[in-house]
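Each protein sequence line maps, in turn, to chains A and B.
Residue numbers for the first sequence follow this note's numbering, so the first one is -7 and each next one is one higher.
Residue numbers for the second sequence follow this note's numbering, so the first one is 687 and each next one is one higher.
Source of the hints: derived by calculation from the structure; they are not laboratory data.
For each residue, glycine too, the CB sits at the ideal point set by N, CA and C.
Treat the hints with care, since some could be wrong.
[Said to hold, decoys possible] Output of the computed footprint for chain A on chain B, the stretches with three or more beta carbons under 8 angstroms from beta carbons of chain A:
#1 688 to 700
#2 725 to 737
[Said to hold, decoys possible] Calculated pairs, SDA-like style, for lysine to any residue (alpha carbon to alpha carbon, straight line, at most 25 angstroms):
#3 Lys301/A - Ala720/B
#4 Lys112/A - Pro728/B
#5 Lys112/A - Lys688/B
#6 Lys301/A - Arg733/B
#7 Lys688/B - Glu213/A
#8 Lys112/A - Ala704/B
#9 Lys112/A - Asp713/B
#10 Lys112/A - Thr1/A
#11 Lys112/A - Val715/B
Okay, here's what each chain looks like letter by letter:
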Amino acid sequence: MSTTDDHPTVRDWAADFDHTDDAYAADPFPIWDEIRASACPVAHTDRYGGAWLPTTHADVSEIAYDTEHFTSRSILMSEFRPPAEIAPAGIAPPISSDPPFHRQARRLLLPAFAPQAIDKLEASTRDYCTELIAAMGDRDVVDAAREYAQHIPVRVIARMLGFPEDDADRFRGFVHHVLEGVALPLEEREEGMLVLFEYLEAQVQDHVDNPRDDLTSYLLEAEMDGHTLEMDHVGGTMALLLLAGIDTTWSAIGASLFHLASTPADLERLAAEPELLPVAMEELLRAYAPVTMARLVRDDYDFHGCPMKADDWVLLPFPAANRDPLAFEDADEVIIDRAVNRHAAFGLGIHRCAGSHLARMEMRVALEVWLEHFPRFSLADPGAVQWSGGQVRGPRVLPIRVG
Amino acid sequence: MKVHVDEERCEGHGRCYALAPTVFEPDEVGDGMAVGDGTVAPGDEDRARLAAANCPEQAITIDEDA
């Protein structure tokens, strides 16, 4: 995000942080380290109407587990706070829901994302990754973010929801607008949300008219307490599935390729020992965890001396928790065969990423297919790599030399 | 050796059944369950310990003497 009147360049990360600042997108690690090592490991800002940024694993997990003092009514920090009446379901259940509503809304979604269900998507995901590589032709330099990583989750979730696969570019537009446009003026954001919900409405109508075996029809038929779901609930959950799975997985695949392209020793090891990939993947998830969540403070609350006010934002930077030296040995080093790795890349507590099994499958298959075709590769131009800011961090431009 | 998954703590990350598929298995929503009554077959002990050490929610307990 470039500097605007509302978002001047950050000079004081402890008292005036902004997660859309260019420096935070490019390299947040020293920022978190500095805050974590200071007298108060929770940074504050008056931006966004007041927000807090914990940086230790202990603080991030305490807040993630505490659904009494912190509500998920909005999980994307922006100038807009949804009204309290929207709880307990929130805009996009179950990610925006609080207990006890949350439990049921989540439970009805989970079987579709359990490992047994995800296994069935592996073959088509592999075919698609192979097609993407074939489409690159025999060029020496390709953009691994734009020509590879970004397409994989879009295609997979479109198939799961039963949306036209040709709409992929439109999904990406929605995602970009909602997740990476948090510093845009409110009217512009609202407009973008409206376009998204109109699109979903058309897809829902198509499924009402022509029910079929996909997640959209499943949601339309699903029941909670003996009743089918409210239309807002169906639309919100579909928006969640579309938005939450795309930017995030794209980021995780891209960051993994970035690491391997810039760390020849790890690439050689993985090319020689492909069976190490599942372990390596967990370390890449720890070290480059893409997702930061947000909560709103329910009522005024003193959090270890931080005077949090009702409706203050709290960011939950799981990637910062994953780099906490008190929680991980050599936290700042990527150790590709790290055996004990209790990382929090998919969150902690009741909101553990519902799509984590899908994300891991996509990531593993994407890396396997890439490594099969390109056992040796490197950054073509390190200075050209661009990372997204905000709450989902990953490479958006990633030129890689494959030939 | 016997393993136990605390249902209240487990959030379905799935690290246990990925690392020790003969000791843990997923239920229909992806939460981890001990296979059978949780008794660990000879030779699977290290895998069981590794799974417990990797649970992000620290939901797994191991009774070494059972």
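Tested hints:
no.	hint	verdict
1	688 to 700	holds (count 4)
2	725 to 737	violated (count 1)
3	Lys301/A - Ala720/B	violated (43 angstroms)
4	Lys112/A - Pro728/B	violated (32 angstroms)
5	Lys112/A - Lys688/B	violated (32 angstroms)
6	Lys301/A - Arg733/B	violated (46 angstroms)
7	Lys688/B - Glu213/A	violated (41 angstroms)
8	Lys112/A - Ala704/B	holds (17 angstroms)
9	Lys112/A - Asp713/B	holds (17 angstroms)
10	Lys112/A - Thr1/A	violated (47 angstroms)
11	Lys112/A - Val715/B	holds (15 angstroms)
The structure fails hints 2, 3, 4, 5, 6, 7, 10 (numbered hints given earlier, in ascending order).
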